[in-house]
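A.B. asks: Please assemble the complex out of the two chains, which come individually in their own frames, going by the hints.
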Amino acid sequence: MSQQQPRVIVVGGGLAGLAATIKVAEAGVPVDLFSMVPVKRSHSVCAQGGINACNEVARQQGYSEWIHMDETLYGGDFLQHQAPVYEMTHWAPKIIDLLDRMGVPFNRTAEGQRDLRLFGGSLFKRTHFTGASTGQQLLYGLDEQVRRHEAEGKVNKYEFWEFLWPIIDDNGECKGIIAQDMRTMEIKPFLADAVVMCTGGNGMVFGKSTMSVICTGGAAARCYQAGAWFGNPEFIQVHPTAIPGEDKCRLMSESARGEGGRVWVPRKKGDTRPPLEIPEEERMYFLEEKYPAYGNLVPRDIATREIFFICEEGYGVGGGRMVYLDVSHLPQGTKDKLKAILEIYEKFTGDDPTEVPMKIFPAVHYSMGGLYTIFSEEEKEPVPGDGEKAIGMKYGDPSNMMTNIPGLFAFGEVNYQYHGGTRLGANALLNCIFDGLFCGPSLVNYAKTARKTPASEVPQAVIDKYVAQEKAKCDALINSKGSANPYDIWRRLGDEMTAAATVVRTEERMVQALETVKKLREEYKDVCLSDTGMWTNQNLSFTRALNDMLIYAEAILVPAIARKESRGSHYRPDFPERVDDPFQKTSIVKFVDGQPELSYEDVATPMVPPRARTYGKTS
Amino acid sequence: MTASDAKKNFYIKVKRQDGPGKNPYYQTFELPYKPNLNIISCLQAIASNPVTIDGKHVAPVVWDCNCLEEVCGACTMVMGGKVGQSCSTLVDELMERDGTGSKANPITLEPMSKFPVIRDLFVDRASMFNNLKDIKGWVPIDGTHHLGGGPKETQEEQDLRYALSRCMTCGCCLEACPQFSLEGNFVGAQVFGQTLYFNMHETGATLKDDRLNVMQEAGGISDCGNAQNCVEVCPKELPLVEAIAKIGRQTTVHSVKQFFTGKK
Numbered sequence: 001m002s003q004q005q006p007r008v009i010v011v012g013g014g015l016a017g018l019a020a021t022i023k024v025a026e027a028g029v030p031v032d033l034f035s036m037v038p039v040k041r042s043h044s045v046c047a048q049g050g051i052n053a054c055n056e057v058a059r060q061q062g063y064s065e066w067i068h069m070d071e072t073l074y075g076g077d078f079l080q081h082q083a084p085v086y087e088m089t090h091w092a093p094k095i096i097d098l099l100d101r102m103g104v105p106f107n108r109t110a111e112g113q114r115d116l117r118l119f120g121g122s123l124f125k126r127t128h129f130t131g132a133s134t135g136q137q138l139l140y141g142l143d144e145q146v147r148r149h150e151a152e153g154k155v156n157k158y159e160f161w162e163f164l165w166p167i168i169d170d171n172g173e174c175k176g177i178i179a180q181d182m183r184t185m186e187i188k189p190f191l192a193d194a195v196v197m198c199t200g201g202n203g204m205v206f207g208k209s210t211m212s213v214i215c216t217g218g219a220a221a222r223c224y225q226a227g228a229w230f231g232n233p234e235f236i237q238v239h240p241t242a243i244p245g246e247d248k249c250r251l252m253s254e255s256a257r258g259e260g261g262r263v264w265v266p267r268k269k270g271d272t273r274p275p276l277e278i279p280e281e282e283r284m285y286f287l288e289e290k291y292p293a294y295g296n297l298v299p300r301d302i303a304t305r306e307i308f309f310i311c312e313e314g315y316g317v318g319g320g321r322m323v324y325l326d327v328s329h330l331p332q333g334t335k336d337k338l339k340a341i342l343e344i345y346e347k348f349t350g351d352d353p354t355e356v357p358m359k360i361f362p363a364v365h366y367s368m369g370g371l372y373t374i375f376s377e378e379e380k381e382p383v384p385g386d387g388e389k390a391i392g393m394k395y396g397d398p399s400n401m402m403t404n405i406p407g408l409f410a411f412g413e414v415n416y417q418y419h420g421g422t423r424l425g426a427n428a429l430l431n432c433i434f435d436g437l438f439c440g441p442s443l444v445n446y447a448k449t450a451r452k453t454p455a456s457e458v459p460q461a462v463i464d465k466y467v468a469q470e471k472a473k474c475d476a477l478i479n480s481k482g483s484a485n486p487y488d489i490w491r492r493l494g495d496e497m498t499a500a501a502t503v504v505r506t507e508e509r510m511v512q513a514l515e516t517v518k519k520l521r522e523e524y525k526d527v528c529l530s531d532t533g534m535w536t537n538q539n540l541s542f543t544r545a546l547n548d549m550l551i552y553a554e555a556i557l558v559p560a561i562a563r564k565e566s567r568g569s570h571y572r573p574d575f576p577e578r579v580d581d582p583f584q585k586t587s588i589v590k591f592v593d594g595q596p597e598l599s600y601e602d603v604a605t606p607m608v609p610p611r612a613r614t615y616g617k618t619s
Numbered sequence: 001m002t003a004s005d006a007k008k009n010f011y012i013k014v015k016r017q018d019g020p021g022k023n024p025y026y027q028t029f030e031l032p033y034k035p036n037l038n039i040i041s042c043l044q045a046i047a048s049n050p051v052t053i054d055g056k057h058v059a060p061v062v063w064d065c066n067c068l069e070e071v072c073g074a075c076t077m078v079m080g081g082k083v084g085q086s087c088s089t090l091v092d093e094l095m096e097r098d099g100t101g102s103k104a105n106p107i108t109l110e111p112m113s114k115f116p117v118i119r120d121l122f123v124d125r126a127s128m129f130n131n132l133k134d135i136k137g138w139v140p141i142d143g144t145h146h147l148g149g150g151p152k153e154t155q156e157e158q159d160l161r162y163a164l165s166r167c168m169t170c171g172c173c174l175e176a177c178p179q180f181s182l183e184g185n186f187v188g189a190q191v192f193g194q195t196l197y198f199n200m201h202e203t204g205a206t207l208k209d210d211r212l213n214v215m216q217e218a219g220g221i222s223d224c225g226n227a228q229n230c231v232e233v234c235p236k237e238l239p240l241v242e243a244i245a246k247i248g249r250q251t252t253v254h255s256v257k258q259f260f261t262g263k264k
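Heads up: the sequence lines are chains X and E, in that order.
In case it helps, my numbering puts the first sequence at residues 1 to 619.
In case it helps, my numbering puts the second sequence at residues 1 to 264.
Rather than coming from a laboratory, the hints here were simulated on the basis of the structure.
The reader is advised that the hints may include incorrect statements.
[As the list claims (entries may be wrong)] In the DSS-like style, the derived pairs of lysine-lysine whose C-alpha atoms are separated by at most 25 Å in a straight line are:
no.	chain 1	residue 1	chain 2	residue 2
1	X	K157	X	K394
2	E	K133	X	K154
3	E	K56	X	K481
4	E	K133	E	K82
5	X	K347	X	K125
6	X	K290	X	K268
7	X	K188	X	K452
8	X	K590	X	K473
9	X	K473	X	K452
10	E	K82	X	K347
11	X	K157	E	K152
12	E	K22	X	K347
13	X	K94	E	K13
14	E	K22	E	K56
15	X	K125	E	K236
16	X	K590	X	K617
17	X	K335	E	K152
18	X	K590	X	K518
19	E	K236	X	K347
20	X	K339	E	K13
Excised from the complex, chain E in its bound form (with noise of 0.2 Å):
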């Protein structure tokens, strides 16, 4: 099916689950065409009007958004198959890319499948904000007092931190990764990137020594297959393979510091 088959009508098809450690359940809807329309809006009309193809009234599906304009990171999701923000995927793109939006064949909403599911598809990140805790993702300034501006950085570097500061702690990496897991401990992509951006920082890399001990840890840099589907997902496109590699290098020599100091 392509958009321009699919004047009036398209289907979505949702997984659906009540709350956690319930058993999840497939519903379909059926949505009126428009063009340029996004997956929000269909979430949005099946939230005003929540009667499947059965004719059954359920309840709305649940789901997690804010922005609509994918910066916010709230409404990852898995469609078609692929992991991305809801807000930002187009249903004429998914009709284009895979030929569904049919009754046979209709477009598949699924939470992603890494992290608990709160409901239907708000699923709970929280593991992902508690490894920035855990890497001390933050510049030590000495407190609020006006101390002056931070230390000059060129162009150049701050190219890079911006890029690594566009993370917006989605889950798009850890969702298409094949080493990260539900219940293993790798850290995942989104957790090197943000190593990386403190450890650049003058002032920030005054933590680097306690960010690269968790780095060594296992579930640390070590456990990174480099299968490089973190960087094909991630929406704001951050040099994920660049912090991997970087991490890699600086926990090696992090490690040998260690070896011959004797120092942690």
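Next comes chain X alone, as it looks inside the complex (with noise of 0.2 Å):
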């Protein structure tokens, strides 16, 4: 297994993966990229609003980049470190550019400019989108450079191969990832000199989420076990609007807001009548008589509990845990934009959108934590409209988004920068193509030269070891004789993750879910499959990532159940303020002893100081 030419491994094929290959091919440097699906049917195909972006419009009428952080850090509750959301904010009008060039449809204004709609958490029009499927038309503009790539030999793709382990030489550098290719179930190492995790977030843990079947969390989690650290894994986003189902919570795009949508309810308690026969003054437009500045468009985290809470007094429809959301006033123009998320509503649900209000309620949705990356900072030259000291990042560094584990790095969903406590609408294409743009660079950096030494050298009895650990894993849960039913636990695991931690976290709640958790994992040593053969076993695939699910369900609580206060999505009625002594902090949790042990680590805010985030709530 002799290379001598440095080797990029990127894990994960959506935007940030797509991203990043494309910057490592085009640098000269060979990219292995797997992913469980054809990439192309990534989870970022579901983003559905749009994509951030000061734009000359917005510019002219006093947005900025800098104002772009800084709604950045004030929806995120000044936790995130800064210097990488003013990079990625003021490199966001290049971003969409480039994907225009890439022949991205985005929307179109009368002139032929590119349009724009207004979204969450800001009070400027700044969000580029295509039709309400951005998502899936960037998620195509990235795939169809990787397969010009691919054409050209630069890039090999291991589509339906799943990620088992990094592999750590003796200096603690990783060189390579175990796979495992999920028909024929071969298990094989691959090696590198730089390795790259844009595994998306981990909605599973929580049962029926917004999220993809394969957005498990299991890849971090496997690093994380592996000795990577996690970065605020207790911030979990649950989107305000979403469609409850059998198997999943399907998104309803905040852009449904964005282009005028209205969020409301009976002022009657239990009232049974039909939404439209309930004139306009006997609906409550709850968002908009608490927060008149933004009114819908609060952020998410915000909008989630008023929405939670006006249920739990009793005002969701009919008495139940739903809540209109309303676009059937819109203009017929309007409504075209938002064309494709509406059909999915009809077929879902049967109703038509366009004509009756919608019903929705809370979804877990995102990952602001995940992987701990560093990155380094470098004094920027302010540009207009920055404030007087402007720090960045240093393009090409090799340690730019990089976890604790040398050559072990995280782009998108599953690095922990950038969000902070809530991540705003629109602001997840832009921090996944950004890291695989910005950062993608840094790999062939770290490949090139930064490594201690090359793959090649790794001796083949590191090498055999990792391949003999995965598959005795295998070989367990296929000769297991126990009689736990994986789904089964898996089904426990979500219903009590979402009971116990996300939209209200209370002490006592979340010590319990610890408990049950603790209870699932001894249940899983007694696990066994329905599926024992050695052929496209899904099976096999879905029980391992549950001892993952459940290693990470604990990653989460641990944190959580730890920061006394409230902040962006972390809200405990026990401690409802925000608490910058000592809570302005990272929390880093690592995997020591099959358990999660926690510290922190200072966050610095050279540029923005914190400020309350009270969005002008009235009452």
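C.D. replies: Take a look at the structure:
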């Protein structure tokens, strides 16, 4: 397995993975791209609303990259490192231009310019979009460029391959991965001089979420078990508007509200009249009433809590746990822009949302936390709109978005940076593509020069050890004679995590959940597969990931219990205020002796000092 | 059987195949009825308790899926004889449409027949992605450096390009096409839609001749029989008839030009 030329492995083919692949391939370094699904089917495809960037129209109305940064930090309740946010927001306009050049069909104005829509947490129109399926079009745009590099022989795709474990040499450097072909079940080592995880979020830990079925967090949890740290894993975004379903909760984009959709409930508790029979004055537009400036476009955690509480008070539709999201009053042209999401609503519920208000409820949506990473800061020359002190990231520095394991990087949703306590809508697509484009060259530089030894020098014994470890895990599952049903354990995990660690979190309930997860981990030892064959065994893949989900769940609960404050999405009725001393800190979670070990790291706020996060609430 | 009759249980018959080259067989499962169930939920229920109506414990059914909101294209299969996404196909719908769901007349689930089976309902659609390589399905940008924005376009052009860009490579159009087969070389509507998509873009059009060369070959546009089944089944209502007509015309013009210029 000798190799001289440096190689890079990208795990995950969503926006972050594809953007990284493009940058690395463009630099002439070969890429091996691994994905559990054909990359064109990655979860990024589900993003709907758009991608934020300062643009000329907004700029001439007083907006700037700096304000975009400020909004992102305010939205995230100041838990983020500020330099990466500075860099991301300042790169955003260039990213839109690039996507435009790649042929992404952004919506247009009458003049043929790129159109913009309003989005949560901003008073400026700065969200670029393609209908209401922006993630799909951006993913396809990058997928096409990767296909070009693939056709030119610079990229090898390994689709339907599952990441199992990082190969870490005796120097502690990551030198490749162990992966399994999900069809033939073959387990193989792959060497590289840099490995980047672009494996997205962990929604499956909560059972039903808006995420895709591969979003188990399994890949991140495996890195964690191999010694990588988690940063802020307790921060989980619950999206205010989803369609509850038997198999998942389907996202109903924030763009519905960005385009003028209104959230309301009947003023009369338990009102059973059909929504169209409830006159305007008997409707309570509770977000608009409480937040006159931002209205329906307050950040997601705030909208989610308001919806949750109004239902708790008994104002939900028919007294239940649903509120109306109404776009029926919008002009036809606006409804056309939302076609992709409105037709999904109709397909799954049978109701036409252009005629009748939609019934929605919050659902787990995004992981702000993830693998802990570092970066290299650099003082920048302030651009118009910037404050006096501008600190960004050093382009091409080999440490950018590297985990605590040298050679192992994390980009996109799995990277804990950028969003702090809550992510603003339409900042995820930006973050994923930015990581790939800005930090892709860091992978190249690490692989070429910064690594201690080339991957070709990894002793065979080290590689064999990891292969044997993963084969043994498979064999143990295949040969298990236990009686516990993995799907049953997963359902109970999801129910417990959703009840204890989403919208409202109390110490008592989370401690109880931690006990439950411990019990489930015990039960897991007795798990039994219903498919014991070695051909396209999905049962094995799921059951193996279940163990990782259980381990991830503990890593979420421990820092959530310890964070005795409310910040962003982390709402503690027992500690309802943000407490900067001592919690203006990143929670770092390490896997020690099979358990999460929590420590903290200070978060400096050199550009934007923390302020109270009220969004102009009136009552 | 209608949804209202099926208050308790209903039946699903799944075509199974243990691997490539193995003989297919059917197994029937009984499931508790709930309103608004989609086919994916049924497969999830079978996965958690894979016992047939004969009480036999079997391996869970293998199928391909990811987003469950009809945008990734993965979970395409043939349900009650019709192709579609199993996430957005509801049990109630099939019961009403086909009168199926009873023990005697269960809902059938089968893999798409125009692609090689990997296992059970999971098929290999690599050929669809490979075809995108053959037509150079990308906009040939100079690189990722900052070079300003792309070409302006009208909302009208965007409307058509956006409609075409929603193709999720699901395979419905190919499954329904009388011309497309497992053995043949016809590329099918997916490729025609994507060819038009890239040819419409100002920079993408610099590769138009290369794409139309592929369209001229055996298995290209002239093999389309115009049955228009593709547009009937496309879950994203892509303007495939328009794409076929436009690519047909572009290919004809391309051939005439080649004839007079002698250039390939």
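A.B. asks: It remains to establish, for every hint, whether it holds in the given structure.
C.D. replies: Results for each hint:
Our distance criterion of 25 Å between C-alpha atoms is broken by X:K157 and X:K394, whose separation comes to about 30 Å. Using a Cα cut-off of 25 Å, the hinted pair E:K133 and X:K154 holds, with the two alpha carbons roughly 14 Å apart. Between E:K56 and X:K481, the direct Cα distance comes to roughly 18 Å. Compliance with the 25 Å bound is thereby established for this hinted pair. In summary, the hint linking E:K133 to E:K82 is not supported, as the alpha carbons are separated by about 29 Å, beyond the 25 Å threshold.
For the hint pairing X:K347 with X:K125, the CA-to-CA distance comes to about 30 Å; that exceeds 25 Å, so the pair is violated. Using a Cα cut-off of 25 Å, the hinted pair X:K290 and X:K268 holds, with the two alpha carbons roughly 18 Å apart. Using a Cα cut-off of 25 Å, the hinted pair X:K188 and X:K452 holds, with the two alpha carbons roughly 24 Å apart. With a CA separation close to 22 Å, the supplied pair X:K590 and X:K473 stays within the 25 Å bound.
Distance hint between X:K473 and X:K452 is unfulfilled; the C-alpha atoms sit about 30 Å from each other, more than 25 Å. Simply put, E:K82 and X:K347 have alpha-carbon atoms about 16 Å apart, close enough for the 25 Å limit, and the pair holds. A threshold of 25 Å between alpha carbons decides the hint, and for X:K157 with E:K152 the separation of about 33 Å lies outside it, so the pair is violated. With a CA separation close to 36 Å, the supplied pair E:K22 and X:K347 exceeds the 25 Å bound.
Restraint check for X:K94 and E:K13: not satisfied, since their Cα atoms lie roughly 53 Å apart, outside the 25 Å limit. For the proposed pair E:K22 and E:K56, the alpha carbon gap of about 20 Å is at most 25 Å, so the pair holds. Under the criterion of a C-alpha separation no larger than 25 Å, the hint pairing X:K125 with E:K236 is inconsistent with the structure, at around 28 Å. Note on X:K590 and X:K617: the hinted pairing is violated, with a Cα-Cα distance of about 38 Å set against a maximum of 25 Å.
For the suggested pair X:K335 and E:K152, the alpha carbons sit about 24 Å apart, so the restraint of at most 25 Å is met. Between X:K590 and X:K518, the direct Cα distance comes to roughly 17 Å. Compliance with the 25 Å bound is thereby established for this hinted pair. Of the pairs offered as hints, the one joining E:K236 and X:K347 holds, with about 12 Å between alpha carbons and a cut-off of 25 Å not exceeded. For the proposed pair X:K339 and E:K13, the alpha carbon gap of about 34 Å is over 25 Å, so the pair is violated.
Figure legend: structure checked against the earlier numbered hints; hints not met, in rising order: 1, 4, 5, 9, 11, 12, 13, 15, 16, 20.
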